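Undergrad: Sequence:
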Amino acid sequence: MKRKNPQPSSAAVRRAGQIFSRLEEAYPDAVTALSYSMPFELLVAVILSAQSTDQQVNKITEKLFKKYRTPQEFALLTADQLANDIKGCGLFRNKSKHLVETSRILVEQYGGEVPQDRESLMLLPGVGRKTANVVLGVVFGQATFPVDTHVHRLAHRLGLSSGKSPEQTELDLCALIPPEQWQRAHHQLIYHGRRVCDARKPKCPDCCVNDLCPSAKRSGEGNS
128 MKRKNPQPSS
138 AAVRRAGQIF
148 SRLEEAYPDA
158 VTALSYSMPF
168 ELLVAVILSA
178 QSTDQQVNKI
188 TEKLFKKYRT
198 PQEFALLTAD
208 QLANDIKGCG
218 LFRNKSKHLV
228 ETSRILVEQY
238 GGEVPQDRES
248 LMLLPGVGRK
258 TANVVLGVVF
268 GQATFPVDTH
278 VHRLAHRLGL
288 SSGKSPEQTE
298 LDLCALIPPE
308 QWQRAHHQLI
318 YHGRRVCDAR
328 KPKCPDCCVN
338 DLCPSAKRSG
348 EGNS
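In this note's numbering, the protein residues as written are 128 to 351.
Wrong hints could be hidden among the right ones.
As the list claims (entries may be wrong) - So the derived label-pair ranges between C-beta atoms look like this:
1. K330 x P306: 22 to 32 Å
2. Q145 x Q236: 24 to 34 Å
3. S137 x K214: 32 to 42 Å
4. M249 x K214: 25 to 35 Å
5. L218 x P135: 28 to 38 Å
6. A153 x K214: 33 to 43 Å
Stated by the list, open to error - With a cut-off of at most 25 Å between alpha-carbon atoms, the simulated SDA-like pairs for lysine to any residue come out as follows:
7. K190 x E168
8. K328 x Q178
9. K186 x P135
10. K224 x N185
11. K291 x F267
12. K186 x R322
13. K344 x G290
14. K328 x P341
15. K330 x P305
16. K214 x E200
17. K330 x Y163
18. K291 x P305
19. K190 x P135
20. K291 x V140
21. K328 x D275
22. K194 x D212
23. K214 x A202
24. K328 x T180
25. K330 x K194
26. K328 x A153
27. K186 x D207
28. K291 x P135
29. K186 x E228
30. K186 x G217
31. K214 x H225
32. K344 x R322
33. K194 x Q183
34. K193 x R149
35. K224 x Y163
36. K186 x W309
37. K193 x G215
38. K344 x R142
39. K214 x Q243
40. K193 x H225
Think of the hints as simulated: they come from the structure by calculation, not from any bench.
In this text, all values refer to a predicted model and were calculated from it rather than measured experimentally.
Idealized CB from N, CA, C, for every residue including glycine.
Generate coordinates for the entire structure from the input sequences, incorporating the hints supplied.
TA: As structure tokens, this is what we get:
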């Protein structure tokens, strides 16, 4: 990310702290909804999750991981073979090709292990910055703030970012809260986006941060 943000004001940091403090109270157990038992399985699940729901991905991987679990097993497949197993998700043909290619790279270059740095992960087919950040944060405990459609949308609605790209939004969010909170904040925004702050019809009266939300105030739904 090349853009360098100016440091946010103390008022902006304080408001962000209030927002995430309330989201922490509302969603204290917020974690990834994707099912996995080892780093490679999460990598596969996150790649499959593009333009698909986590629920649908979990249905696919429940059967998929009973047949193939390791990069070595995936690397032996053809893209057509794997496509048949993941056809329930969007863009399944591209994803099957990426997963087979990624598995072969992991076997040939990393001894079948998932690399633990963003640059190496983003060189894998089908892995962008968000996917890399999810894997690094969830399974390796690194300070990352993945920005998906929910996070990008809520960051704008809550006035936490005006970034036009996920990368710019990530920079804005990371400047507002301490690194040790990034992963939890990421999951809490996703939970809130799915349960309350719907894309088409947000439930502003039920929102725990509506008095801090400029979008709710514009719509007349904020607390007085």
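Undergrad: Taking the hints in turn, state whether each one holds.
TA: Now the hints, each set against the structure:
1. At about 31 Å, the CB distance of K330 to P306 agrees with the hint of 22 to 32 Å.
2. Judged by the Cβ atoms, the range 24 to 34 Å given for Q145 and Q236 is violated: they are separated by roughly 45 Å.
3. As the Cβ distance of S137 to K214 is approximately 52 Å, the hint placing it in 32 to 42 Å is violated.
4. Checking the proposed 25 to 35 Å range against M249 and K214 shows it holds: the Cβ atoms sit about 26 Å from each other.
5. Restraint check, L218 to P135: a C-beta distance of roughly 36 Å satisfies the suggested window 28 to 38 Å.
6. The hint said 33 to 43 Å for the Cβ distance between A153 and K214, and at roughly 36 Å that hint holds.
7. For the suggested pair K190 and E168, the alpha carbons sit about 12 Å apart, so the restraint of at most 25 Å is met.
8. Under the criterion of a C-alpha separation no larger than 25 Å, the hint pairing K328 with Q178 is consistent with the structure, at around 20 Å.
9. In summary, the hint linking K186 to P135 is not supported, as the alpha carbons are separated by about 42 Å, beyond the 25 Å threshold.
10. Between the alpha carbons of K224 and N185 the distance comes to roughly 20 Å, so the proposed pair stays at or under 25 Å and holds.
11. Taking the CA atoms of K291 and F267, the gap is near 29 Å; set against the 25 Å cutoff, the hint is violated.
12. A threshold of 25 Å between alpha carbons decides the hint, and for K186 with R322 the separation of about 21 Å falls inside it, so the pair holds.
13. Of the supplied pair hints, the one linking K344 and G290 holds, its CA atoms being roughly 21 Å apart against a limit of 25 Å.
14. Under the criterion of a C-alpha separation no larger than 25 Å, the hint pairing K328 with P341 is consistent with the structure, at around 16 Å.
15. For the proposed pair K330 and P305, the alpha carbon gap of about 28 Å is over 25 Å, so the pair is violated.
16. Taking the CA atoms of K214 and E200, the gap is about 19 Å. The hint holds against a cut of 25 Å.
17. Pair hint K330 plus Y163 does not hold up; C-alpha atoms about 31 Å apart against a cutoff of 25 Å.
18. In summary, the hint linking K291 to P305 is supported, as the alpha carbons are separated by about 22 Å, within the 25 Å threshold.
19. Using a Cα cut-off of 25 Å, the hinted pair K190 and P135 is violated, with the two alpha carbons roughly 46 Å apart.
20. This hinted pair checks out: K291 and V140 have alpha carbons roughly 20 Å apart, not beyond 25 Å.
21. Restraint check: the Cα-Cα separation between K328 and D275 comes to about 19 Å, which is no more than 25 Å; the hinted pair holds.
22. Of the supplied pair hints, the one linking K194 and D212 holds, its CA atoms being roughly 9 Å apart against a limit of 25 Å.
23. In summary, the hint linking K214 to A202 is supported, as the alpha carbons are separated by about 18 Å, within the 25 Å threshold.
24. Restraint check for K328 and T180: satisfied, since their Cα atoms lie roughly 19 Å apart, inside the 25 Å limit.
25. For the hint pairing K330 with K194, the CA-to-CA distance comes to about 41 Å; that exceeds 25 Å, so the pair is violated.
26. The hinted pair formed by K328 and A153 meets the criterion: a straight-line CA distance of about 20 Å does not exceed 25 Å.
27. For the hint linking K186 to D207, the alpha-carbon distance of about 20 Å falls within 25 Å, and the restraint holds.
28. A C-alpha spacing of about 17 Å is found between K291 and P135, which places the hinted pair at or below 25 Å, so the restraint holds.
29. This hinted pair checks out: K186 and E228 have alpha carbons roughly 23 Å apart, not beyond 25 Å.
30. The hinted pair formed by K186 and G217 meets the criterion: a straight-line CA distance of about 13 Å does not exceed 25 Å.
31. Note on K214 and H225: the hinted pairing holds, with a Cα-Cα distance of about 14 Å set against a maximum of 25 Å.
32. A threshold of 25 Å between alpha carbons decides the hint, and for K344 with R322 the separation of about 20 Å falls inside it, so the pair holds.
33. Taken as a hint, the K194 and Q183 pair is honoured in the structure, with Cα atoms around 18 Å apart against an allowance of 25 Å.
34. Straight-line distance between C-alpha atoms of K193 and R149 comes to about 40 Å, which puts the hinted pair past the 25 Å bound.
35. Taking the CA atoms of K224 and Y163, the gap is about 21 Å. The hint holds against a cut of 25 Å.
36. About 28 Å separates the Cα atoms of K186 and W309, which puts this hinted pair outside 25 Å; it is violated.
37. A hinted pair counts as satisfied when its Cα atoms are at most 25 Å apart, and K193 with G215 qualifies at roughly 16 Å.
38. Taking the CA atoms of K344 and R142, the gap is near 15 Å; set against the 25 Å cutoff, the hint holds.
39. The hinted pair formed by K214 and Q243 fails the criterion: a straight-line CA distance of about 29 Å is larger than 25 Å.
40. For the proposed pair K193 and H225, the alpha carbon gap of about 20 Å is at most 25 Å, so the pair holds.
Hints 2, 3, 9, 11, 15, 17, 19, 25, 34, 36 and 39 from the list above are not met by this structure, while the remaining hints are.
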